[in-house]
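J.: Here the structure of chain L is known, so what remains is to put chain C in place on it, guided by the hints.
Going line by line, the protein sequences match chains L and C.
Mapping of the first sequence onto this note's numbering: residues 85 to 446, in sequence order.
Mapping of the second sequence onto this note's numbering: residues 85 to 446, in sequence order.
No lab work stands behind these hints, which were simulated from the structure alone.
Certain hints may be false.
Heads up, the list lumps identical chains together, so a pair's fine if it works in one copy or across two of them.
Below are the DSBU-like pairs computed for lysine-lysine, each with C-alpha atoms no more than 30 Å apart in a straight line [as the list claims (entries may be wrong)]:
1) Lys319 / Lys428
2) Lys435 / Lys381
3) Lys384 / Lys428
4) Lys374 / Lys400
5) Lys429 / Lys381
6) Lys350 / Lys118
7) Lys400 / Lys381
8) Lys435 / Lys400
Remember, predicted model here, so these are calculated numbers, not experimental data.
Protein chains: 2
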Amino acid sequence: MNRRDLLKKGAVIGGAVVAAKVAGAGSKAFATQKKYRWRMVTSWPPGFPILQTGAERFAKRVGELTQGRLTIQVYAGGELVPPLGVFDAVSSGSVQCGHSASYYWAGKCNAAQWFTSIPFGMDAQGMNAWFYYGNGLKLWEEVYKQFNLVPRPAGNTSIQMGGWFNKKINSMADFKGLKMRIPGLGGKVLGKAGAAITLLPAGEIYTSLERGVIDATEWVGPCHDIRMGFYKVAKYYYYPGWHEPGSTLELIINKKAYESLPSDLKAAIDTAAAELNSKMLSEFEKENAKALTGLLKDKKIKLLRFPDEVLKGLKKLSYETIQDVASKDKLSRKVNDDFQAFKKKLSDWNKISEKVYYDFMI
Amino acid sequence: MNRRDLLKKGAVIGGAVVAAKVAGAGSKAFATQKKYRWRMVTSWPPGFPILQTGAERFAKRVGELTQGRLTIQVYAGGELVPPLGVFDAVSSGSVQCGHSASYYWAGKCNAAQWFTSIPFGMDAQGMNAWFYYGNGLKLWEEVYKQFNLVPRPAGNTSIQMGGWFNKKINSMADFKGLKMRIPGLGGKVLGKAGAAITLLPAGEIYTSLERGVIDATEWVGPCHDIRMGFYKVAKYYYYPGWHEPGSTLELIINKKAYESLPSDLKAAIDTAAAELNSKMLSEFEKENAKALTGLLKDKKIKLLRFPDEVLKGLKKLSYETIQDVASKDKLSRKVNDDFQAFKKKLSDWNKISEKVYYDFMI
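Bound conformation, chain L alone (with noise of 0.2 Å):
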């Protein structure tokens, strides 16, 4: 289906809605009740934990809040569009929302990275801190209404893990002709740094890493990792993931059925994404911490740290990447000129608090 078969199409579902007049006189506030029935796609595997099932609390919190006035069914990837197709259904209307990663809309808005995830970018507490008290959230929204599209995080998956490798990091050099498994900005640091950068469906990462085809990948973080089984064919866990400190997983909603709802229903998505947005991160942090002891303990991992020399050596490159990158377009720049200035002031407080947290209280 095209886009103009997809916007007409999404005209007419987008605006079904269900006139329940519930009373004739009475309160003015409650005389007309319409009920809407929304569909939410998401790029998400069925029964994914934390990202699929994350989504479907927040669609049974909705149903909550508003006594049932709006409903939304929620589809995995595949089940109604595919996993990579829920920017295209949502911007059309087609569906109502969509919960995915604004980075996997790159190849059409390049400023949809910064509100991810970008190497050495911000942790999740940042994130949230830029999205809600800086002008994250704004400019997400500016980016967006051009693909009539309203953002909302709503997730994030705590600072991921740098992945499963078969060859040991001791420096720069190391990654020259690594072939590895890496999408994104992520991918592009690497390649600069001389890696054979493959891009697999995650069907075949498994087979790929235990067949040598390639030397390593990146996935997520330990609790989604160890359902991967990447234990069984990697020598190496290393850490951090340096390419994602705090992916933040979008809310998507179609601008005209957002802008339909009485202010009301607009609330309840708004409050109901900013729940999901906080406690995805706590699910992700404690299944995290229990996954990790899992891989230590039973299956006897073994976990490793870029050494000092690599980090800094991927700092460099992954600044110089992304300033190609935000050079591309002006709102791009915009993006990226604010998510820098606003790390920057964030770390200088950051060094005083986190930092000193964890280097003296955990």
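T.: Then chain C, alone, in the frame of chain L:
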């Protein structure tokens, strides 16, 4: 007013609802829409940034979510009950809810202290993981049940500052004889170190510091400290706030009032509390970063870090103090055991995640 009177009075006010029948026939869900008029008391001065304004934002959000079916009138500390009268007022039912901090109630309920912050405890991210996906909130509910209270995490100050000092702290010996205003467990720890701990009302701290009645005081973080003007009368601003690494604020609701609500209004309160819990932390991060810049650039304050030896010494004394305090009753022991076990597991993960972020990426 004594406890019995409050309980009696509370029973009347707590049950005061306005039944607004909005439909004689039609949808059952909307057949009877009772209106609830609640009052909230807080421990904060009128207009107090982030804390009082946060409580007011929460009330506004609940009003929006419920189309005014549940409205909450917010009273600052002293307007209806004294700042530290919040617990009793909500417990008795004389008002339906309050915004405060659980460690203020240590005298009535020893176990309450763990739900705000304890010396060398967890930061905001860790506290939230414990509340939402560990046993934190379940334990808090168990502890507060005996006082007819339902608690919800509702804000976090982020890690606080060590305080304003007119004497340098180079070793643990420098705490001997130091006259410092520092309440709670932090005060107990410094008492063990030989400091002379005093408790002063907020309005008297500045003058006491100026006149040498005290040598030091802690307060909150840069954004609230700058308003108090301590930089004019103290030589050194110490970090980190080892005694409060991530203080959670509380929403407390009278249990009977909460249970009398239909499920959608309960959901409105819970969701809005989760939103406040997350966004208040973001606001603190943003405002602290800004105020710190102001203090350093405009006020030229001298920022000092407690030396390693001092932090190690404080950690040891904190551990002993908390063991003492936890041994007072069964419930406190149960809460402390769970808190420490959760922190231990989370720390193992955070050593390879957030710690490395703060070491290398800010």
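J.: Given a CA cutoff of 30 Å, do Lys400 and Lys381 count as a within-copy pair, a between-copy pair, both, or neither?
T.: The answer is between: 29 Å across copies meets 30 Å, while 35 Å in one copy does not.
J.: Quick one: Lys384 to Lys428, C-alpha cut-off 30 Å, is that within a copy, between copies, both, or neither?
T.: between (39 Å within a copy, 20 Å between copies)
J.: Between Lys374 and Lys400, at a C-alpha cutoff of 30 Å, which is it: within one copy, between copies, both, or neither?
T.: Answer is between; shortest inter-copy Cα gap is 27 Å, intra-copy 33 Å.
J.: How would you classify Lys319 and Lys428 at a CA-CA limit of 30 Å: within, between, both, or neither?
T.: between (36 Å within a copy, 27 Å between copies)
J.: Using 30 Å as the alpha-carbon threshold, which applies to Lys435 and Lys400: within, between, both, or neither?
T.: Cα proximity of Lys435 and Lys400: in one copy and across copies (20 Å, 24 Å).
J.: Treating 30 Å as the Cα threshold, decide for Lys350 and Lys118: within, between, both or neither.
T.: both (14 Å within a copy, 22 Å between copies)
J.: Indicate which option fits the pair Lys435, Lys381 if close means a Cα-Cα distance not exceeding 30 Å: within, between, both or neither.
T.: The answer is between: 16 Å across copies meets 30 Å, while 33 Å in one copy does not.
J.: One pair to classify: Lys429 and Lys381, alpha carbons no more than 30 Å apart. Within, between, both, or neither?
T.: between (40 Å within a copy, 13 Å between copies)
Consistency with the previously given hints is maintained throughout, with no hint failing.
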